[in-house]
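Colleague: Okay, so the sequence shown: first residue is 54 according to my numbering, each after it adds one.
Source of the hints: derived by calculation from the structure; they are not laboratory data. Among the hints, erroneous ones may be present.
[Said to hold, decoys possible] As a list, the in silico DSS-like pairs of lysine-lysine whose alpha-carbon atoms are at most 25 Å apart: (1) K168 x K253; (2) K168 x K294; (3) K77 x K187; (4) K239 x K168; (5) K187 x K294; (6) K253 x K187; (7) K249 x K178; (8) K168 x K178; (9) K294 x K249; (10) K253 x K239; (11) K168 x K96; (12) K249 x K168; (13) K239 x K249; (14) K253 x K294; (15) K96 x K77; (16) K178 x K96; (17) K178 x K253; (18) K69 x K96.
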Amino acid sequence: TVSNAAGGRQAVREAKQTGADFVKVYSLLPRDAYLAIADESRKQRIPFAGHVPISISAAEAAAAGQQSIEHLTGVLRACSTREAELQQSDQEFLAGILATNEPKAVVDHLRQESKSALATYSPAKAQALFAEFKSNHTWQCPTLTVLRLATFTGTMAAADSDRLKFMPPSLRSEWLAFSDRLTTNKPAGTTAFGTKYFQKQLEIVGAMRRASVGILAGTDTGNPFCFPGFGLHDELALLVKAGLTPMQALQAATRNPARFMNRESDLGTIEQGKLADLVLLDANPLADIANTRTIDAVVYRGRLYSRHALDEMLDH
Numbered sequence: 054t055v056s057n058a059a060g061g062r063q064a065v066r067e068a069k070q071t072g073a074d075f076v077k078v079y080s081l082l083p084r085d086a087y088l089a090i091a092d093e094s095r096k097q098r099i100p101f102a103g104h105v106p107i108s109i110s111a112a113e114a115a116a117a118g119q120q121s122i123e124h125l126t127g128v129l130r131a132c133s134t135r136e137a138e139l140q141q142s143d144q145e146f147l148a149g150i151l152a153t154n155e156p157k158a159v160v161d162h163l164r165q166e167s168k169s170a171l172a173t174y175s176p177a178k179a180q181a182l183f184a185e186f187k188s189n190h191t192w193q194c195p196t197l198t199v200l201r202l203a204t205f206t207g208t209m210a211a212a213d214s215d216r217l218k219f220m221p222p223s224l225r226s227e228w229l230a231f232s233d234r235l236t237t238n239k240p241a242g243t244t245a246f247g248t249k250y251f252q253k254q255l256e257i258v259g260a261m262r263r264a265s266v267g268i269l270a271g272t273d274t275g276n277p278f279c280f281p282g283f284g285l286h287d288e289l290a291l292l293v294k295a296g297l298t299p300m301q302a303l304q305a306a307t308r309n310p311a312r313f314m315n316r317e318s319d320l321g322t323i324e325q326g327k328l329a330d331l332v333l334l335d336a337n338p339l340a341d342i343a344n345t346r347t348i349d350a351v352v353y354r355g356r357l358y359s360r361h362a363l364d365e366m367l368d369h
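Let the sequences and hints guide you as you build the complete structure.
Modeller: Next up, the structure:
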């Protein structure tokens, strides 16, 4: 765990030396450590991306050169008329965690902050923030599949029962235990707030797209009920629900990531000379994004996998 500027710089240098593609930052980084990571990443010419730490504002992260923001961390707070007050509270909370090394109350703290930020959301502040994202080329990977866990009522486990069989037994047990805990121990009013909170997240994603902020399709696979493979189809549907067109949602999973990774010369679009990793569909996803699930065949690394071959893989 990086706890100071010197440690931040050393972590960046080590990541570069070991061949990492980028440095990822997380929520509990102290302010001086984060700023040192940003500065050292520039010096080492290695991208950094990830969460907006609670010690930094989303606008500061964009100005510091953070290449992408995951899970909309810090975005709702930055759209609040009480942003300065909330950030001061976060700084004090983080100082307490660093002093005691006890991060157990993080979820409760962030939930209370989210309630305050939601109640004081400012469309004008949001538009100013989105302009900063656009100006600084700060991509957004909202991972709506994991954010929807805020609305969890237990029905998700039942709806995903057919998918659970594809997960390792240990992970399956962990997810079902998570479902049981939330179903039996959820405080009154939590689901209603979670639904309202998630709806605002959807609105924010749609507003960012209309403001020409770059969107990437991600899922945060590994979190409860965020499934490999299936989860990306879920994410595309949620992006459309947020206000993207089906084409924009598809681009968030194809062209945009190639552009983000500076790989447009060989990935992202169907053109002569590019890698022919393709999913062939039976129905038009531009008419209905759910048609991305009508997979007839997959071409991967020069090999064609028919629907029959894909079904056999799933059966085994």
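Colleague: Within a Cα-Cα threshold of 25 Å, do K249 and K168 meet the stated pairing?
Modeller: holds, 10 Å
Colleague: Quickly compare the C-alpha distance for K249 and K178 to 25 Å and report which way the hint goes.
Modeller: Holds. K249 to K178 sits at ~20 Å (cutoff 25 Å).
Colleague: For K294 and K249, compute the direct alpha-carbon distance and say whether it is at most 25 Å.
Modeller: Distance of about 15 Å is within 25 Å: holds.
Colleague: Check whether the Cα positions of K253 and K294 lie no farther apart than 25 Å.
Modeller: holds, 12 Å
Colleague: Is the Cα-Cα distance between K187 and K294 25 Å or less?
Modeller: holds, 22 Å
Colleague: Does the alpha-carbon distance linking K168 and K178 stay inside the 25 Å limit?
Modeller: holds, 17 Å
Colleague: Taken at face value, is the distance from the CA of K187 to the CA of K77 at most 25 Å?
Modeller: holds, 21 Å
Colleague: Has the given pair, K253 with K239, been kept, meaning a C-alpha gap of at most 25 Å?
Modeller: holds, 21 Å
Colleague: Within 25 Å, alpha carbon to alpha carbon, are K178 and K96?
Modeller: Since the Cα atoms of K178 and K96 sit roughly 32 Å apart, the hinted pair is violated (cutoff 25 Å).
Colleague: Please verify whether K178 and K253 have alpha carbons no more than 25 Å apart.
Modeller: OK: K178 and K253 at ~15 Å, within 25 Å.
Colleague: Next pair to validate is K168 with K253; report whether the Cα-Cα distance is within 25 Å.
Modeller: holds, 11 Å
Colleague: Mind checking the alpha carbons of K96 and K77 for me, to see if they're no more than 25 Å apart?
Modeller: holds, 16 Å
Against the hints set out earlier in the document, violations occur for numbers 11 and 16.
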